[in-house]
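We have chain A; now place chains B, C and D onto it with these hints.
Protein chains: 4
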Amino acid sequence: MNMSKIAFVGLGNMGGPMAANLVRAGHEVYVFYLSEAALKQAVDAGAIAAPSAKEAAKGADIMITMLPAGIQVTSVLVTGDALLDEIAKSCLVIDCSTIDAGSARELSKAAADRGIEFVDAPVSGGTAGAAAGTLAFMVGGSTDGFAKAQPILACMGKNIFHAGDAGAGQVAKACNNMLLAIHMAGTAEALNMGVNNGLDPKVLSEIMLNSSGRNWSLEMYNPVPGVQKAVPSSNDYQGGFMIDLMCKDLGLAMDASQASRSPVPMGSAARGLFNLHQSQGNGVLDFSSVYKLYQKR
Amino acid sequence: MNMSKIAFVGLGNMGGPMAANLVRAGHEVYVFYLSEAALKQAVDAGAIAAPSAKEAAKGADIMITMLPAGIQVTSVLVTGDALLDEIAKSCLVIDCSTIDAGSARELSKAAADRGIEFVDAPVSGGTAGAAAGTLAFMVGGSTDGFAKAQPILACMGKNIFHAGDAGAGQVAKACNNMLLAIHMAGTAEALNMGVNNGLDPKVLSEIMLNSSGRNWSLEMYNPVPGVQKAVPSSNDYQGGFMIDLMCKDLGLAMDASQASRSPVPMGSAARGLFNLHQSQGNGVLDFSSVYKLYQKR
Amino acid sequence: MNMSKIAFVGLGNMGGPMAANLVRAGHEVYVFYLSEAALKQAVDAGAIAAPSAKEAAKGADIMITMLPAGIQVTSVLVTGDALLDEIAKSCLVIDCSTIDAGSARELSKAAADRGIEFVDAPVSGGTAGAAAGTLAFMVGGSTDGFAKAQPILACMGKNIFHAGDAGAGQVAKACNNMLLAIHMAGTAEALNMGVNNGLDPKVLSEIMLNSSGRNWSLEMYNPVPGVQKAVPSSNDYQGGFMIDLMCKDLGLAMDASQASRSPVPMGSAARGLFNLHQSQGNGVLDFSSVYKLYQKR
Amino acid sequence: MNMSKIAFVGLGNMGGPMAANLVRAGHEVYVFYLSEAALKQAVDAGAIAAPSAKEAAKGADIMITMLPAGIQVTSVLVTGDALLDEIAKSCLVIDCSTIDAGSARELSKAAADRGIEFVDAPVSGGTAGAAAGTLAFMVGGSTDGFAKAQPILACMGKNIFHAGDAGAGQVAKACNNMLLAIHMAGTAEALNMGVNNGLDPKVLSEIMLNSSGRNWSLEMYNPVPGVQKAVPSSNDYQGGFMIDLMCKDLGLAMDASQASRSPVPMGSAARGLFNLHQSQGNGVLDFSSVYKLYQKR
Numbered sequence: 013m014n015m016s017k018i019a020f021v022g023l024g025n026m027g028g029p030m031a032a033n034l035v036r037a038g039h040e041v042y043v044f045y046l047s048e049a050a051l052k053q054a055v056d057a058g059a060i061a062a063p064s065a066k067e068a069a070k071g072a073d074i075m076i077t078m079l080p081a082g083i084q085v086t087s088v089l090v091t092g093d094a095l096l097d098e099i100a101k102s103c104l105v106i107d108c109s110t111i112d113a114g115s116a117r118e119l120s121k122a123a124a125d126r127g128i129e130f131v132d133a134p135v136s137g138g139t140a141g142a143a144a145g146t147l148a149f150m151v152g153g154s155t156d157g158f159a160k161a162q163p164i165l166a167c168m169g170k171n172i173f174h175a176g177d178a179g180a181g182q183v184a185k186a187c188n189n190m191l192l193a194i195h196m197a198g199t200a201e202a203l204n205m206g207v208n209n210g211l212d213p214k215v216l217s218e219i220m221l222n223s224s225g226r227n228w229s230l231e232m233y234n235p236v237p238g239v240q241k242a243v244p245s246s247n248d249y250q251g252g253f254m255i256d257l258m259c260k261d262l263g264l265a266m267d268a269s270q271a272s273r274s275p276v277p278m279g280s281a282a283r284g285l286f287n288l289h290q291s292q293g294n295g296v297l298d299f300s301s302v303y304k305l306y307q308k309r
Numbered sequence: 013m014n015m016s017k018i019a020f021v022g023l024g025n026m027g028g029p030m031a032a033n034l035v036r037a038g039h040e041v042y043v044f045y046l047s048e049a050a051l052k053q054a055v056d057a058g059a060i061a062a063p064s065a066k067e068a069a070k071g072a073d074i075m076i077t078m079l080p081a082g083i084q085v086t087s088v089l090v091t092g093d094a095l096l097d098e099i100a101k102s103c104l105v106i107d108c109s110t111i112d113a114g115s116a117r118e119l120s121k122a123a124a125d126r127g128i129e130f131v132d133a134p135v136s137g138g139t140a141g142a143a144a145g146t147l148a149f150m151v152g153g154s155t156d157g158f159a160k161a162q163p164i165l166a167c168m169g170k171n172i173f174h175a176g177d178a179g180a181g182q183v184a185k186a187c188n189n190m191l192l193a194i195h196m197a198g199t200a201e202a203l204n205m206g207v208n209n210g211l212d213p214k215v216l217s218e219i220m221l222n223s224s225g226r227n228w229s230l231e232m233y234n235p236v237p238g239v240q241k242a243v244p245s246s247n248d249y250q251g252g253f254m255i256d257l258m259c260k261d262l263g264l265a266m267d268a269s270q271a272s273r274s275p276v277p278m279g280s281a282a283r284g285l286f287n288l289h290q291s292q293g294n295g296v297l298d299f300s301s302v303y304k305l306y307q308k309r
Numbered sequence: 013m014n015m016s017k018i019a020f021v022g023l024g025n026m027g028g029p030m031a032a033n034l035v036r037a038g039h040e041v042y043v044f045y046l047s048e049a050a051l052k053q054a055v056d057a058g059a060i061a062a063p064s065a066k067e068a069a070k071g072a073d074i075m076i077t078m079l080p081a082g083i084q085v086t087s088v089l090v091t092g093d094a095l096l097d098e099i100a101k102s103c104l105v106i107d108c109s110t111i112d113a114g115s116a117r118e119l120s121k122a123a124a125d126r127g128i129e130f131v132d133a134p135v136s137g138g139t140a141g142a143a144a145g146t147l148a149f150m151v152g153g154s155t156d157g158f159a160k161a162q163p164i165l166a167c168m169g170k171n172i173f174h175a176g177d178a179g180a181g182q183v184a185k186a187c188n189n190m191l192l193a194i195h196m197a198g199t200a201e202a203l204n205m206g207v208n209n210g211l212d213p214k215v216l217s218e219i220m221l222n223s224s225g226r227n228w229s230l231e232m233y234n235p236v237p238g239v240q241k242a243v244p245s246s247n248d249y250q251g252g253f254m255i256d257l258m259c260k261d262l263g264l265a266m267d268a269s270q271a272s273r274s275p276v277p278m279g280s281a282a283r284g285l286f287n288l289h290q291s292q293g294n295g296v297l298d299f300s301s302v303y304k305l306y307q308k309r
Numbered sequence: 013m014n015m016s017k018i019a020f021v022g023l024g025n026m027g028g029p030m031a032a033n034l035v036r037a038g039h040e041v042y043v044f045y046l047s048e049a050a051l052k053q054a055v056d057a058g059a060i061a062a063p064s065a066k067e068a069a070k071g072a073d074i075m076i077t078m079l080p081a082g083i084q085v086t087s088v089l090v091t092g093d094a095l096l097d098e099i100a101k102s103c104l105v106i107d108c109s110t111i112d113a114g115s116a117r118e119l120s121k122a123a124a125d126r127g128i129e130f131v132d133a134p135v136s137g138g139t140a141g142a143a144a145g146t147l148a149f150m151v152g153g154s155t156d157g158f159a160k161a162q163p164i165l166a167c168m169g170k171n172i173f174h175a176g177d178a179g180a181g182q183v184a185k186a187c188n189n190m191l192l193a194i195h196m197a198g199t200a201e202a203l204n205m206g207v208n209n210g211l212d213p214k215v216l217s218e219i220m221l222n223s224s225g226r227n228w229s230l231e232m233y234n235p236v237p238g239v240q241k242a243v244p245s246s247n248d249y250q251g252g253f254m255i256d257l258m259c260k261d262l263g264l265a266m267d268a269s270q271a272s273r274s275p276v277p278m279g280s281a282a283r284g285l286f287n288l289h290q291s292q293g294n295g296v297l298d299f300s301s302v303y304k305l306y307q308k309r
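Residue numbers (the working numbering), protein chains in the order written: chain A, 13 to 309; chain B, 13 to 309; chain C, 13 to 309; chain D, 13 to 309.
Bound-form chain A, shown alone:
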């Protein structure tokens, strides 16, 4: 693999460790972010701080954005800093943010209009995966764009999937996380009904794991405290994937369903439950805490 000059914009809980892994892989990484503390941490990890997004992007081979929502990515690339007008045509833009598919498609088009390759590459795996370099990337873009992005993404993650054309990465993530929300809520609900009927949640979990009820939430992330070690439910639902973020992702799934006229009654039901739980003051707990919504008081 060749060493690249990479501009990295957005150093939040995910972006910080991702940039550090790029440095570790031998790349020259220019970073920009509004938070001084985050910038300092990246510099400590070997990145080079830039005074602005524009400066970070100068001469970059690869530009990566990792920002909270579509409006910020659009601002950086098109309407605000407008970096698509600054970077070289040969620079590949990789947006790792989780945003709506519609915005991703528009950004891809805006890039193509300027002769620039753009891929959407949202991640899954959480902050632990970002630190360990074991993230999964779901990539939307041309075969060529995917081929170029693949070795870069491989410095930060383990599973790199080519989901399809522009926007397909965001669609794949919306589908996956909606399905995750559905089976997590379903798992919490089934286990709670078992417990209310006197069953031991460990025994019931074991039975369903070996039957047709098996799913990732039950297997890797049991929502009932004490059934598994080293999962958020056994740590007061601290850490993991916050209810607030799941609610954000379910909002994006609603957008995707609306834009493509796809009925999502199960995803909607799950969203209703996670939103109720969020409203009851649990936004910063891990998403498996939806189990608490069900429990008898």
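Treat the hints with caution; some may be incorrect.
Any copy, or any two copies together, can satisfy a pair, since identical chains are not distinguished.
[Unchecked claim] The calculated DSBU-like cross-link candidates involving lysine-lysine, where the alpha carbons are at most 35 Å apart (straight line), are:
id : residue 1 : residue 2
1  : 101       : 214
2  : 304       : 121
3  : 260       : 70
4  : 308       : 260
5  : 66        : 17
6  : 160       : 214
7  : 260       : 170
8  : 70        : 17
It should be emphasised that the hints constitute simulated quantities derived from the structure, not laboratory data.
Quick look at chains B, C and D alone, frame taken from chain A:
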């Protein structure tokens, strides 16, 4: 293992092959059922036809019932044939029917009142599992009852779980099948949204299988025609587990939720969808055909 | 109207004042119930206490049952006291209990088998309506049965509807109360979203009352404290129609949907919410308190 | 009332008759729209065609927009034609489009930044109400803005509500139409369950109208063919309020819920059903046709 004299009442699509497997294992199996054809098939497999349930039960070490609903099991054991008043105290009663947990608990009590051991042991695995002897059994009853039932059930199945006390087998099955309905509907819904956005269902399935969306429906029973071979969706949704049966099981889950005051919003949402699909004339299709409910026309 | 000899079995919160209204209308009312206190209250109101249901029923022209569930009504009429075998063929049986339609149909058949007329006549209107004699009755049974029941029911209520054949009264009540649950939850949800967006719930209620959102919950029973006077929401959700009872009625609606293979996704969603709210310890509050489930904390 | 010079942009099925009613009330109405046919119709009704939105807006006292979505209104007022930079500070801008509350608030702010008064005033009442001048308007904006808009809106409608500050009109409409979707689906579901149990839908409707199930859908817009005359259900679900438009409005409700973190499980369930029905090819039918989704086939 010792050879037992077994009375087997109920020779439907499941009961027939189950009785045959008991014969194959060396037991002396006395069968009774209202259908002449089913009786003949059992006799061809080596069972001995009895002229009545009462005659089948005479001198039995083990009595197995495999009937459509709680009302029939109760009739055979208590209110009609009243076999609990005919069999020896030493005879173990195993009810393999899928019925409501409340009835199972009442039957267990009625048996205990007469000094007889009763276990509820509903199965999963379908007609294919019944024929192959690879069913899973979820057993509710005393430790002693489970210990006695285990070697008998092992002649018909592979995974024999002790779910808990009386009724716990039925509760475990209701929980498992409710969760199955939830992730099947969720999987169909997520894949449909992906397809509507231009994604290849094989690619999206592969991505979600390797991500947090993974579940049994996606892995073993993909609902989109052509993604997997040898599953009902690739065979016009023929065979498999009928919508009508899933609707029955979701009704039992609603009963269990009502009796134990357990909220089941996700199970209720799934039930709504399977019922809509059933109403639209698809009761005899495999339950993965819920995918058709979602498809654009 | 002629004076009748009426046997009244079941003197709970509803039955007590109903029996008193029959006395007030000039009938001779023989009452039986297991609670001494309730019996005494009825006697104070002018009823005659009977030492058993059987004694109450002796020589009755009309027999009324007002009991918690189908199993009790069946016990009194058929399997336990078996009053259908005691009363005269000319005695009209009116069951005012809210039970499942299936049981109501079986009771009607059991009565018809003995040449006795039976109508199911569940009520709506709550304890206030029972005391004031302004209940609504939804009656299932023959035209003849309805004609005979009508003047008796008119002593206890204002609106007496003939819903259809045997069981139709119970079906009508299940449909009505399911729809009530749906629009109450929907109203609470819409008002909460308005409030979260800074709207005054009084203003928003007024707008929707004059638009297509209008419904009974919004008009007569606003779930937001302070919008209307003299409703449970403005009295800490005390009084009114308890969450526990709404959950019972939604369970009956699920039974009706299951028995008739009728999809009820909206009713199921409402049931999920009322059950969640019940699980969180609000079973004895008025059902409009579902608004609290939605509120931000 | 004084005669005003009004610019009217957007002459669709609703905008056309609304503009005509302004002409009828004596105002001087300058219209612009991309459809030649619609322009001609407006001119026939007495409006004056302008060659561009900018020309229509010249010297206007009042500017009204009636467009399909927030993006078009924003384009006309700010980013494209940018009429907020063309009109006089004294010109009141009334947006009658149904758009998301967020966009409405941004437009209000963009106007205020230029010293211009803006109100959001989405309508309900459909094309029939637009033609008859009996629309309802839900207005968001300052007391002053509402006072100025009121007499103009009164030329086109009957009920003019001041919902609150900027965006409140859109929020009120989203709440109302979500609640409408909920009780329409609930009404269809309850009536279908009654019909499946042998009840006459007219009788059941009458009972629920006189009980706590009463709601606007049941009273004004019964979804079962033949129960009421002169409603879409009795005319093959032609005319009325299209499924496609209800799905659009439910999408806006999801946006409002997301932006304000308001759980909307019932609205989500309704949206799932209307989306399923839309997917099955019924987008252009009246929204009461959701009854067909439930019917047995």
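Go through the numbered hints given earlier and state which of them the structure violates, listing their numbers in rising order.
-> none
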